[in-house]
Amino acid sequence: MRYIEPHAHMVSRTTDDYRAMVAAGCEAVCEPAFWAGFDRGSAAAFHDYFRQLTEYEPRRAAQFGLKHFCWLCLNPKEAEDVKLAEEVLALIPQFLDRPTVLGIGEIGLNKNSRNELRVLEMHVDLAARHDQLILVHTPHLEDKRKGTRLTLDVLKADSRIRPERVIIDHVEEHTVRMVLDRGHWAGMTLYPVSKCTPARAIDILDVYGSERLWLNSACDWGESVPLVVVHTALEMRRRGWSQEAIERVIYDNPREFLSQSPKFCLREERKDTTEVRRLKCGPGPGF
Amino acid sequence: MTRQQVLDLYFLDARCKLIEVAAFLDRLDRAEGEADFRLPAFRDALRVLSSDRPDRALQALMAFSDPTTEPVPKAPGKGAVGAWQETQP
Numbered sequence: 120m121r122y123i124e125p126h127a128h129m130v131s132r133t134t135d136d137y138r139a140m141v142a143a144g145c146e147a148v149c150e151p152a153f154w155a156g157f158d159r160g161s162a163a164a165f166h167d168y169f170r171q172l173t174e175y176e177p178r179r180a181a182q183f184g185l186k187h188f189c190w191l192c193l194n195p196k197e198a199e200d201v202k203l204a205e206e207v208l209a210l211i212p213q214f215l216d217r218p219t220v221l222g223i224g225e226i227g228l229n230k231n232s233r234n235e236l237r238v239l240e241m242h243v244d245l246a247a248r249h250d251q252l253i254l255v256h257t258p259h260l261e262d263k264r265k266g267t268r269l270t271l272d273v274l275k276a277d278s279r280i281r282p283e284r285v286i287i288d289h290v291e292e293h294t295v296r297m298v299l300d301r302g303h304w305a306g307m308t309l310y311p312v313s314k315c316t317p318a319r320a321i322d323i324l325d326v327y328g329s330e331r332l333w334l335n336s337a338c339d340w341g342e343s344v345p346l347v348v349v350h351t352a353l354e355m356r357r358r359g360w361s362q363e364a365i366e367r368v369i370y371d372n373p374r375e376f377l378s379q380s381p382k383f384c385l386r387e388e389r390k391d392t393t394e395v396r397r398l399k400c401g402p403g404p405g406f
Numbered sequence: 006m007t008r009q010q011v012l013d014l015y016f017l018d019a020r021c022k023l024i025e026v027a028a029f030l031d032r033l034d035r036a037e038g039e040a041d042f043r044l045p046a047f048r049d050a051l052r053v054l055s056s057d058r059p060d061r062a063l064q065a066l067m068a069f070s071d072p073t074t075e076p077v078p079k080a081p082g083k084g085a086v087g088a089w090q091e092t093q094p
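Heads up: the sequence lines are chains A and B, in that order.
Everything in the first sequence is counted per the numbering used here, starting at 120 for the first residue and increasing by one.
Everything in the second sequence is counted per the numbering used here, starting at 6 for the first residue and increasing by one.
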């Protein structure tokens with residue numbers, strides 16, 4: 120079945136994972152900037168990472184005909200160092216025009232500290248000044264509910280931010296309603312231990328409906344499953360969901376949100392046919 | 006889905022997880038030394054399970070969550086442990 124993986128840290132995965140995802144029906148993968156598992160020592164290290172995301176990974180995915188897109192930022196886990204954050208944010212604009220960059224992300228909070236909040240505001244300002252989509256990471260475990268509320272307040276305080284151009288990721292039962300009520304999109308991350316299991320994610324869809332919700336694996340260097348979105352689709356089928364309803368969640372919804380970026384195209388454009396470009400690419404920021 | 010269908014699909018899985026929780030609590034009882042703030046939070050969450058509320062998953066998550074609203078002065082580290090401790094170490 121066809122699907123879009125809207126959140127995966129492919130720099131941490133093997134080429135075998137790319138092959139398996141494509142074989143399972145993946146048509147596009149989107150990679151937010153992430154923490155490396157250790158703190159990068161300088162802004163120059165981020166410059167190299169942004170090159171990896173915008174140059175190397177699209178080529179690696181393309182070996183299997185898979186479209187690879189990315190989001191850029193300094194991850195919340197490194198946001199305690201505001202000076203480093205300022206240096207990294209100054210680097211980002213030079214990458215924003217690259218053809219596979221969809222926006223600013225995954226930004227947000229980790230331990231809900233004052234410096235993290237300050238760096239989140241800086242990222243939101245950067246996105247607003249450059250008219251970029253935003254992908255927000257919400258904190259782990261005991262910090263999630265508080266961090267989600269603080270994040271929503273930052274977004275609401277900036278009048279330039281249109282809620283429908285922001286996705287708040289890693290929602291669970293105790294945060295999904297507040298995100299949807301603010302007009303944002305919400306992402307459910309399917310992890311073996313933390314965040315959502317497939318069964319719970321489908322429960323959330325049963326309770327809140329399928330509008331403005333997507334599923335992702337957020338696979339990275341930790342315990343995570345690159346194919347869990349399609350595993351969840353199989354679980355939906357076992358629970359009696361129609362193929363159309365499943366496809367809305369795993370394909371149509373991420374395409375609708377991501378198509379707000381004019382760069383998001385599912386297949387290579389045919390340069391000789393404007394109609395094909397119009398149908399398969401995002402209509403642009405004014406959508 | 007009917008209740009029968011839910012039971013058919015998930016009963017064995019839920020039974021397995023329930024017994025894992027029971028064995029975890031037994032293991033804690035057999036172990037030596039003091040427990041920390043995580044165990045009371047876990048017991049609070051367990052109480053939610055035996056209630057008749059329609060939002061037990063949400064309430065169980067709330068039992069582990071930080072209820073405060075102000076940002077902390079400085080991040081105490083990077084990781085999360087799964088339950089909120091009123092006085093951070």
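These are calculated hints, taken from the structure and not from any lab test.
Each residue gets a CB set at the ideal place from its N, CA and C atoms; glycine is no exception.
Watch out, some of these pointers could steer you wrong.
[To be verified] List of simulated lysine to any residue pairs, SDA-like, C-alpha gap at most 25 Å:
(1) Lys382/A <-> His293/A
(2) Lys83/B <-> Val273/A
(3) Lys275/A <-> Phe42/B
(4) Lys275/A <-> Leu30/B
(5) Lys22/B <-> Lys382/A
(6) Lys83/B <-> Val130/A
(7) Lys83/B <-> Lys382/A
(8) Lys275/A <-> Lys22/B
(9) Lys83/B <-> Arg178/A
(10) Lys83/B <-> Tyr168/A
(11) Lys202/A <-> Lys22/B
(12) Lys79/B <-> Val130/A
[Unchecked claim] Example chain B residues on the side facing chain A (calculated, C-beta under 7 Å, incomplete):
(13) Arg43
(14) Pro45
(15) Phe47
(16) Pro59
(17) Leu66
(18) Met67
Evaluated hints:
no. : hint                  : in the structure
1   : Lys382/A <-> His293/A : violated (33 Å)
2   : Lys83/B <-> Val273/A  : holds (21 Å)
3   : Lys275/A <-> Phe42/B  : violated (34 Å)
4   : Lys275/A <-> Leu30/B  : violated (43 Å)
5   : Lys22/B <-> Lys382/A  : violated (44 Å)
6   : Lys83/B <-> Val130/A  : holds (21 Å)
7   : Lys83/B <-> Lys382/A  : violated (34 Å)
8   : Lys275/A <-> Lys22/B  : violated (40 Å)
9   : Lys83/B <-> Arg178/A  : violated (32 Å)
10  : Lys83/B <-> Tyr168/A  : holds (21 Å)
11  : Lys202/A <-> Lys22/B  : violated (46 Å)
12  : Lys79/B <-> Val130/A  : violated (30 Å)
13  : Arg43                 : violated (10 Å)
14  : Pro45                 : violated (13 Å)
15  : Phe47                 : violated (12 Å)
16  : Pro59                 : violated (9 Å)
17  : Leu66                 : holds (4 Å)
18  : Met67                 : holds (6 Å)
Hint check: violations occur at hints 1, 3, 4, 5, 7, 8, 9, 11, 12, 13, 14, 15 and 16; the rest are consistent with the structure.
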